[in-house]
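**Q** Chains as they are written, first to last, in this note's numbering: chain A, 1 to 319; chain B, 1001 to 1363; chain C, 2001 to 2330.
It should be emphasised that the hints constitute simulated quantities derived from the structure, not laboratory data.
Wrong hints could be hidden among the right ones.
[Claimed, not checked] Quick list of in silico lysine-lysine cross-link-like pairs, DSSO-like style, CA-CA up to 30 Å:
1. C:K2221 <-> B:K1153
2. B:K1153 <-> B:K1027
3. C:K2002 <-> B:K1101
[As the list claims (entries may be wrong)] Only part of the chain B face toward chain C is listed, based on derived beta-carbon distances under 7 Å:
4. M1079
5. F1081
6. N1083
7. H1089
8. P1099
Built from N, CA and C at the ideal position, the CB exists for glycine as well.
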Amino acid sequence: MAGSSTRGAKRSWLRSRAGRRFLVDLAYAGPQLFLYVLVQLLPFVIALPIIFTDRLDFLDQDVAWVGLDNVRAMLQPPLVDRFGDALQRTALFALVNYVMVYLFGFVLALAMFELTSRLKGLFFTIIYMPWMISGVGIGLLMIMLFSSDTGSLNLLLKELGFGRNVVDVKSEAGTLITLPIMYGWKTAGFNMAVFLGGLLAIPTETIESARMDGARYLDRVIHIYIPQIVPSIIIVTIFSLINSFGIFDELVGLGGLSGNANAEFLSVFVYQLGFGAGATGGAKIGTLAQAITVSLLVFLPLVLVAFGLNRLQKRLQYH
Amino acid sequence: MSEVLIEGVSKRFGRTEVIHGIDLRIKEGELTVLLGPSGCGKSTLLRMIAGLEDISEGVIRIGGEEVNDLEPVERGCAMVFQNYALYPHQTVRRNMAFPLKMARLPRAEIARRVAATAKLLQLEELLDRLPRDLSGGQRQRVAMGRAMIREPKIFLFDEPLSNLDAELRVRMRLEISRLQRELLATMVFVTHDQVEAMTLAHRIVIMRAGLIEQVGTPLEVYRRPANRFVAGFIGSPAMNFIDVREVRADATGSQLTLGDGSTLVAGALPAETASVGIRPEHIRIGLAERASLSFAAGQHRSIGAEHLGDRSYRYLSLPFGELTMLAPEEQVIDETEPLAISFDPARLHCFAHDGRRLERAAA
Amino acid sequence: MKRHQLVLVGLLGLYCLITLAPFYALVVRAFTPTVQSTEFHLWLPDRRPLSMNARLGDLATIYSIDARAFRQEMGIKGYVNPQLTLAQLAETYELEPERIRAWLEPRVQYNGVLSVMEAGFLRSLLATIFVTGVSVGVGGLLGIMTGSALAGFRRPWHLFTYNLYMLNMIIPPMMVILPQYLIMTKVLGLDDNYLSVILIHIKGGALSTMVFTSYIATIPKELRESVQMDGGRHYHYFFYVLLPLMGTPFAVFASIAMPWMWNDLLHPLVFLSPAKYTLPAFVAAIGGTYTTNYEAIFSGLMLSLIPILLIYLVFQKMFVRSAVAGAVKG
Ligand SMILES: Nc1ncnc2c1ncn2[C@@H]1O[C@H](COP(=O)(O)OP(=O)(O)O)[C@@H](O)[C@H]1O
Ligand SMILES: [Mg+2]
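Chain A on its own, in the form it takes in the complex (with noise of 0.2 Å):
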């Protein structure tokens, strides 16, 4: 009985105004959120609880729950120098990567932000069109340009005599060295626009009466500039980090997947912990869990992070 009239409760709600309105919502960002949930939050929260297990894949008939083994794991051999490795390579090269963000983008935006000339649309143009490149595009590109003996790079130099094989795209430091270079330039399009966007916004106001005021160039960045695109800043943070961290694409053009053990990054690393080793053959040097347990350590104090700084940014916003 009561069942039945709490039933015609909810009819008569989902008929009236409020009702009617709630569904229609429904219906508009009902088909997307299904799939949301069923292609990303529920695979999120499958693989979550893994990182307690000793799943070694998904087809794993014989599961036990081994607490924070996994974690262990990564801190002790045989994984330790391997984990290691690859840490310290993505820290590395997301410093290095950062750096090229303002090497880059930064300084493009403020050339162009003073440029007058018709040319701008073309620069932009231009300077935008790495961005198109894939990953695997750009290590392959880096194959092309910095190889020992094959890169055109390397040859070029030769030709106007700085010697034989100046870099080797596959050493650990030309690996180091390259990747933030060519990363940089295929971002570098992306970061100035983010940046150009920040100055744009800026009141030109500000900007003339500082020069009213007598402020130089380098006084006008400094203290006016920089200081009103803190939004911008935060923006290409986050997105240098992120990417920084999960850098894959470009590892498996420079044969991360197949052997260059110098391209071993951290997402690599989780790709051969677990199911890499699959594709060679060879035995697999850990578990599913473990891949998982990796990428949550590494990922999870990342986006804190990049959420802290989100939060920093609404509060930072000035207009």
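For this one, chain A is given, so just place chains B and C with the ligands on it according to the hints.
**A** Then chains B and C with the ligands, alone, in the frame of chain A:
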């Protein structure tokens, strides 16, 4: 049948109540203006009539029928928004045709009605333009056209003139009046501009903080404001209020003791009068009228004047407070000379402690 | 003032030239025979004629030429000794030398491009266009629908849903790829099906939700109310008013999402079989199969870049404007 009856209507947004149980009758064929300072709930009330906001409590009836649960279109209302809400990507013609298209009218009929409405509003030349290529006044007229074309029972306007410049506002005011007379339509018009209200309305509803303060014709609310709030809100510059310490009645009338101790003799006033009000336009310089106040040289000070060409407003600082008055342009007020002002005691408004109007006994 | 501008033009021009240099080098390398890849070429090297004294086996190794296809084309049955030179072959099997030359010479001279073509470049390109096109279109439409429901956050669940989509940013693709694969194959039955990649692209995420929701929130709510007053239903508002106004946010969405979707490597790699790879996976696979045939690898990269660069150049105004506009909003 398009009388609107509002019975005990309240509105809550979350936990804050912004309309506190209002009763109101909007008569058929009249132009009713909802007037009040901004934030007092005028738009909210209008939108509840329109069906754009839910009614938290109470009932709204249109033509006798309860409409609380009806969709906007089923209520037979059309609305003109403050920002006009023209569809930016559609031409004037398609904007005006939209409500008819929604009503599934045949094309020929739509074309006919668009043409007729465009003619009425002098929009024929503009039919193929986009809203962004129209001036403010033209956009306003298109919005009116889109509202009219459906021949609704009730027109709702939410500050439709406040985005126009002063001159255009006057023109559109006249136009709306004309349309109202021609269509004999029921209109509800929201504004915070009392001049607009006075010139347009058959009936003014003055609101404050989610409550109705007074309902009446423009002259009623001007002549007999129901309380100090209405008295101060209607009329520009605002009515002067003078605090009264004591009212002593004698044979000739009442003697008022003002805030500073000075006295004023006026006709019979209610004993509980706590303040009196007098409009700037009812004060004269000199002793021409029956009630008067005199000030010695140095007792009065001029704190400003606004010269409008044909007349001027003078702002004076007097012992009992500040006073605004209308004076002829050429009138000189010299601070080093004595000053006398006077007015007809019948023009005096009396208010009780709580601001309520006090009626005077018939003289 | 003038000089200062000239210096800027000069420096930016120089940077643009440097930016273009790798593209130029790629074109040169795509036509540089692998055997010459230790020499520096400033321009496309001359095509060397095919020598009839070359051995078939060597050609097959160096240029990744399919010996079986050669036999079929020439009508040779049975085993062919790879040690034979082309001249000897012509003699042995009574073939016109010109016929051999006609078939083999382009495969040697334009080895890279032809190898890539034969590896199924066009099929992969069409697949990429299909997957990206559908993803951008449907993803945009779903995003607009989501935005139209959530804009303004009129109800608590609107904000909650919005934040769910933001959560997407923090989920590493690598972490969920395997459960995703299981759901695609076991639950949806999309084994080796383009639809699986499309579903991943159109599932919604931070970008589309942010762009559309924030843009729709700037559209005066009176437009929606006006349709309501005029007797329109929500779908009238959606189709007659909202969709026509979505040009700008759709451009922002498309210009950021299109390169992502086009260049997505991980999902096609995991969800599709090599025969169905989209371009990035295809290029990666070429790198794997033709490990040392640089001409083929770089040709593959070049060919895979041409279509997306063409799209970019055709719509470059849109891309550029969206890049700056999107950045301002954050
Ligand atoms: N959607 C809403 N949510 C919460 N509060 C609202 C909303 N709309 C209006 N209010 C509040 O209701 C009060 C009355 O608003 P409104 O009717 O727009 O005033 P008016 O039109 O008289 O200026 C204001 O205090 C306003 O802040
Ligand atoms: Mg209002």
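**Q** For each hint, tell me whether it holds in the structure or not.
**A** Quick rundown of the hints versus the structure:
| no. | hint | result |
| --- | --- | --- |
| 1 | C:K2221 <-> B:K1153 | holds (24 Å) |
| 2 | B:K1153 <-> B:K1027 | holds (12 Å) |
| 3 | C:K2002 <-> B:K1101 | violated (59 Å) |
| 4 | M1079 | holds (5 Å) |
| 5 | F1081 | holds (4 Å) |
| 6 | N1083 | holds (6 Å) |
| 7 | H1089 | holds (4 Å) |
| 8 | P1099 | holds (4 Å) |
The structure fails to meet hint 3 from the earlier list, while all remaining hints are met.
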